[in-house]
Each structure stands twice: as structure tokens, then as C-alpha cells.
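Trainee: With the hints as your guide, set chain B onto chain A.
One line per chain: the protein sequences are A and B, in this order.
Going by our numbering, 18 is the number at position 18 of the first sequence; the sequence numbering is gapless.
Going by our numbering, 33 is the number at position 33 of the second sequence; the sequence numbering is gapless.
FYI, nobody ran anything at the bench for these hints, they're computed from the structure.
Remember, it's a predicted structure, so these values are computed and weren't measured experimentally.
It is possible that part of the hints are untrue.
Unchecked claim - On the chain B side, residues computed to face chain A include the following (Cβ under 8 Å):
hint, residue
1, Val12
2, Val15
3, Gly41
4, Ile44
5, Phe93
6, Asn222
7, Trp225
8, Asn226
9, Pro227
10, Asp230
11, Asn272
12, Ala275
13, Met279
14, Glu429
15, Gly434
Unchecked claim - The calculated lysine-lysine pairs, modelled on DSS-like cross-linking and capped at a C-alpha distance of 30 Å, are:
hint, chain 1, residue 1, chain 2, residue 2
16, A, Lys26, B, Lys183
17, B, Lys71, B, Lys448
18, A, Lys33, B, Lys264
19, B, Lys71, B, Lys88
20, B, Lys264, B, Lys547
21, B, Lys426, A, Lys33
22, A, Lys26, B, Lys71
23, A, Lys33, B, Lys361
24, B, Lys71, A, Lys33
25, A, Lys26, B, Lys448
26, B, Lys493, B, Lys306
27, B, Lys71, B, Lys264
28, A, Lys26, B, Lys361
29, B, Lys264, A, Lys26
30, A, Lys26, B, Lys547
31, B, Lys71, B, Lys361
32, B, Lys444, A, Lys26
33, B, Lys493, A, Lys33
34, A, Lys26, B, Lys493
35, A, Lys33, B, Lys88
36, A, Lys33, B, Lys306
37, B, Lys183, B, Lys370
38, A, Lys33, B, Lys438
39, A, Lys33, B, Lys547
40, B, Lys448, A, Lys33
Even glycine gets a Cβ: it sits at the ideal position worked out from N, Cα and C.
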Amino acid sequence: MTAAAIITMILTMAIVTAFSAYYFWKVLRTPNKSEE
Amino acid sequence: MSHQSESWGSRVGLVLAMAGNAVGLGNFLRFPVQAVNNGGGAFIIPYLVSFLVMGIPLLWIEWSMGRFGGKEGNHSTPFILDSMAKRKFWKYFGVFGIWTNLTVAGYYCYIESWTISYVFHSLFRSFDGLSQSEVAGFFVDYVNISNTTGIPYEAPVFFLICVLLNTWILSKGLSAGVERTAKIGMPLLIAFGAFLAFRGLTLGTSGASPEHPDASAWAGLNFLWNPQFDSLSNPAVWLAAAGQIFFTLSVGMGTIHCYAAYVKANDDIALNAMAAGWMNEFVEVVLGSLIVIPIAAGYLGLDWVKQNAGFGMGFQTMPFLFENWGPFLAAVAGVFWFGLLFFAGITSSLAMGTPWMGFLKDEFGVGREKAAWSFGLIVLVLGLPTVLFYNYGVLGEYDYWAGTVSLVIFAFTESVIFSWIYGIDKGWEEIKRGADMKVPEFYKPILKYVTPLFLLFVLVGSVFSPLGGEWDVAIQGLFSGQGWTLDNGSLIKQAMNTGIKEQLALASDSATRLRLEDQLVYINGARILLLVVFVGITGLIYAAYRKRVREGRS
Numbered sequence: 001m002t003a004a005a006i007i008t009m010i011l012t013m014a015i016v017t018a019f020s021a022y023y024f025w026k027v028l029r030t031p032n033k034s035e036e
Numbered sequence: 001m002s003h004q005s006e007s008w009g010s011r012v013g014l015v016l017a018m019a020g021n022a023v024g025l026g027n028f029l030r031f032p033v034q035a036v037n038n039g040g041g042a043f044i045i046p047y048l049v050s051f052l053v054m055g056i057p058l059l060w061i062e063w064s065m066g067r068f069g070g071k072e073g074n075h076s077t078p079f080i081l082d083s084m085a086k087r088k089f090w091k092y093f094g095v096f097g098i099w100t101n102l103t104v105a106g107y108y109c110y111i112e113s114w115t116i117s118y119v120f121h122s123l124f125r126s127f128d129g130l131s132q133s134e135v136a137g138f139f140v141d142y143v144n145i146s147n148t149t150g151i152p153y154e155a156p157v158f159f160l161i162c163v164l165l166n167t168w169i170l171s172k173g174l175s176a177g178v179e180r181t182a183k184i185g186m187p188l189l190i191a192f193g194a195f196l197a198f199r200g201l202t203l204g205t206s207g208a209s210p211e212h213p214d215a216s217a218w219a220g221l222n223f224l225w226n227p228q229f230d231s232l233s234n235p236a237v238w239l240a241a242a243g244q245i246f247f248t249l250s251v252g253m254g255t256i257h258c259y260a261a262y263v264k265a266n267d268d269i270a271l272n273a274m275a276a277g278w279m280n281e282f283v284e285v286v287l288g289s290l291i292v293i294p295i296a297a298g299y300l301g302l303d304w305v306k307q308n309a310g311f312g313m314g315f316q317t318m319p320f321l322f323e324n325w326g327p328f329l330a331a332v333a334g335v336f337w338f339g340l341l342f343f344a345g346i347t348s349s350l351a352m353g354t355p356w357m358g359f360l361k362d363e364f365g366v367g368r369e370k371a372a373w374s375f376g377l378i379v380l381v382l383g384l385p386t387v388l389f390y391n392y393g394v395l396g397e398y399d400y401w402a403g404t405v406s407l408v409i410f411a412f413t414e415s416v417i418f419s420w421i422y423g424i425d426k427g428w429e430e431i432k433r434g435a436d437m438k439v440p441e442f443y444k445p446i447l448k449y450v451t452p453l454f455l456l457f458v459l460v461g462s463v464f465s466p467l468g469g470e471w472d473v474a475i476q477g478l479f480s481g482q483g484w485t486l487d488n489g490s491l492i493k494q495a496m497n498t499g500i501k502e503q504l505a506l507a508s509d510s511a512t513r514l515r516l517e518d519q520l521v522y523i524n525g526a527r528i529l530l531l532v533v534f535v536g537i538t539g540l541i542y543a544a545y546r547k548r549v550r551e552g553r554s
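Next comes chain A alone, as it looks inside the complex (with noise of 0.2 Å):
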């Protein structure tokens, strides 16, 4: 592989997977409002 595909490659995973992440956790830590 190129050094620019791997970059693409690796800087594309981890934004999208860093963005995943941190909004299912957030949901996962704040009850709906209906439940508080």
C-alpha cells in the first residue's frame, strides 16, 4: 500500500469510528428524560 492510502486509510477509520464511539457512549450514559 502507498503511504497516502494507508494514511487515508487510518485517518478515515479512526474519525469515523472515534465519532461512533463517542455519541453511543453518550447515549448509553444519559437516560431519556421521560426515565429520570
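Mentor: Frame of chain A, contents of chain B only:
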């Protein structure tokens, strides 16, 4: 009167069900092919831009429209739109939100049934010792009803099993049926996907053989991710990226509205929509890019992938590739691969059942079980032509009108209703109500201007798609007075069956002519059936409206 007869059991369950609705077979089979065909690594830039300016706004629009409608006891798009727009005719645009689901479910359940069958065949080692062409031939025999794979009438039998399974789960209700399936299916899907993605990432050149000495998974990944920035100036790449975002998020269908209609009035939708949307992106970009292309390139070489990249690889190639891993791992990989496709499929097809069930319950007081069985019956009737006449392109015809054109029309309409008819100020407050995250203010002008324009761009692009998808050539030709040559895949030419008619004009032998003439008959028959269903649902909406007037509800 309580409007919330059903509700989600938990917030995580709702997010997983919404993510499951979005995650489909296309995440694993369409996305990598689109990336390969549209600039490799550079595709990701228009793809992510489309997600930010079209995908996320549409998710927020649909979630908030659904929750808004649910407050007044509306769980399907006709009367959700009716509650947001004062003029009476808007509810008839909501027909798309039911029609699309019923018709797409018809052929989607058929594709889903392939995955059940292929899990069965992987377990019982049906692909053991078969060559690549024999595995591909197995699929051809499967979809050709007059041939056999060893099980008589296998395709209709598994289709029936799949429809019954969907119906049974739907009859259990939202929390005990749909949500429970998502809670089991989504983690399993990610686990199966992670296993296969790890294999794709670590395969390297170990799959090279005397027949394919240059085979390399790294070459496949390089092809997929190597940025080609010149492709960014090509409108076709942007159109493909916008289209992929559109279809992967399952927006424009009416399913998100329906699921969100069961969210309580002051509960969050902004964060939930982001969590579900990004989870879909994770499955698509991270897992979807690491399975089919690298594994295929790892055994068959990059040239083969370039020539054969397509949806069919999932069924016609992957079982053969898994056989390289030995009997045990081949069976495990087959079960995992088709298992993950099954979970991707069923979490989507279940979502397609809920708008119809919600409509029947809200408007005609039909109970959950009866509504579920009526959905099953309709899917069976609508799906059978795609099973029996698959080789005549009936499934493709359904997919084009119900699974492509209808989505874009409805999404464009709803974005206009939300931002311009209901009003962006009220809409913006609706999105932010109860939000558990700060919704960025810059999304307000994006919702009002950029998202509708982006959708218009996709809609116009599909209507006037130029020859070969070469927009730059077509635009230059237009300004130099050469006119605009439409591609046979454009909506106009597709509606006129130009592609088949051209083949018919060129056909020299009578067998080919007869086959193409039959194809025209079946395709036009499929269109009539789709139209009849569309008109029928419109009639039901009118009947529901009259009933509401009589009861003083409208």
C-alpha cells in the same frame, strides 16, 4: 386518549433498532464497489461531506417529524405530514412512506432469504470442492426456479420462511419483537464483521496461487483507499457519494419517522440520530471496506476485482474464497458472512413493516397481530414476482422505482415541507427540544438551503444522467451546441425502456428477441403492479381522512 399504545423499551434499544434499520446489505456490498468505481480514497471526501450536509440534516428532519407526529398519535408519514402542513394535499405525498416500504420489503425479503439459505449451505458445506465458476453457477441455479441446487423450489421456500419470520417478529410488537431482534442482531453483526475484517486486513499476499500469482489483499486496500484527487472535480463522483449516503442511511423511506413516532414527546432525538447515523457509518466505512474487496483481491487479484466488483460478489464469490481457509474456518466464515448479511437485512426489513402497521392501527384500529400478518401477506404477493421472474429483471425494476427514485422524491419533498412549509424556525426548535447534545447552529441554514439543494441535485442528476455518467463531457457538449445525450440509466430513458429496446433492435437471433420481448412484458407488468399498490394506498389514505372527518379528528 393516549396516543402511545406502544413504545421503545430502552434508549439503547431504539438506537440499535434505528442503526439496524440503516445498516443493510449495501453497507458491505454497495459501498466498497462505489468507492472503487469513484476514485478510491478520494471518494471518502465527497462521501463524508454528503453525510454532514445531507445525511445528518435528513436524519434530524425525519426523527423530529416522527416524534412530532407521534405526539398526536400519527405513526406513518401521511398524517405526520398532514399534522405539519396545513394544506390537505400534503398527506398524499405521505403515500411514499408506506408504498416504498411495502414494495421494497417485497424484494428485500427475497434477498434476505438468500442469506438464510447460504448460512444453511455454509453449515452443510455445499460449497466444498466447488470451483469459482461452480460457486457462481450455484447462485444462478438458485435464482432460476426451473433449475435446482439440490433442494426443490429452494428460492420460494426460503423466501416464504423469511416472510414468515419477519411477520412473526413484527407480531410480537415494537419492544418484544423489533427492539429485541436489534439488540441481538446488531452486536452479532459487528462481531461477525470484525472477525472477517480482521481476516481481510491480515490476509496480505498469503492467498496468492499459481493461477493468481499477483493476488494481494494489500493491493485491494490500496486500490480502495489510494486518493485520486482529480476525481473530486467530477460531478459523477459527488452524485455517487450523495447517492450512497442517501441509501445507506435509509432516509426518504418513512421508517425513521415511524420509529421516532414512538419516542416520547420531550425525549431526545438529536443525540439518538447522531448515534444511530454514525454507527451505520462505522459498519459501512470500517467493516464494509475491509471484507469483500481485500479478501477478493487477496485470492483473485486486483484485475479480477476491477472487472467484477459488484453486488453479486457477496453470493457468487465469497463462498469460494472462504474455502481457501480450510473446512472448519470456511464453514465459520460462511456462517459469519451470511449471518451478518442476514442481521443487516432483517433489522431493515422489520423497519419496513412498521409504517404499514402503524397506519392500520392509527386509522382503522387494526390490532398488532392482524396488521403484521397483513404486512406478511402483502410482502408475499409483491415479492413473488421478483422470485419467479428474477431473471427478467423484475427485482431490478422494483429496486429502481421503489428503492431509488421514490426515496429521492420523498426526501426532497419532506425537506421542503420541514424547512419551508412547517418553517425552519419551528423545525429547528423541534430538533432541539429535549436534545442531549448541543445542536450546532450552522446546521440551521444547512437544513434550509443546502440539504434541499443537495437533494435536488441528486434528483435532477438521476433524471438527466448523461451518457456514461460523464458530466464534464456532457456540460462541455451542451455549451458547444452539441446537446445533451442521456444515459440509458437516466430516469427518462429508464422509463422508456430504451436500453432493452436498443438490445432488441440489435438482436439477430429469435431466441434473444423472444427473451427481450418477454423481459419487456414482465417489466411493464411489474410497473403496473407497483402503480396499482400506489393507487390503492392513496385510496386508503383518502378513506382514512374521510373517517377522521366523520369522527371529528381532522
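Trainee: Checking against the hints above, which ones are violated?
Mentor: Going through the list in order, the structure violates hints 5, 10, 14, 28, 30, 33, 34, 35, 36 and 39 and respects the others.
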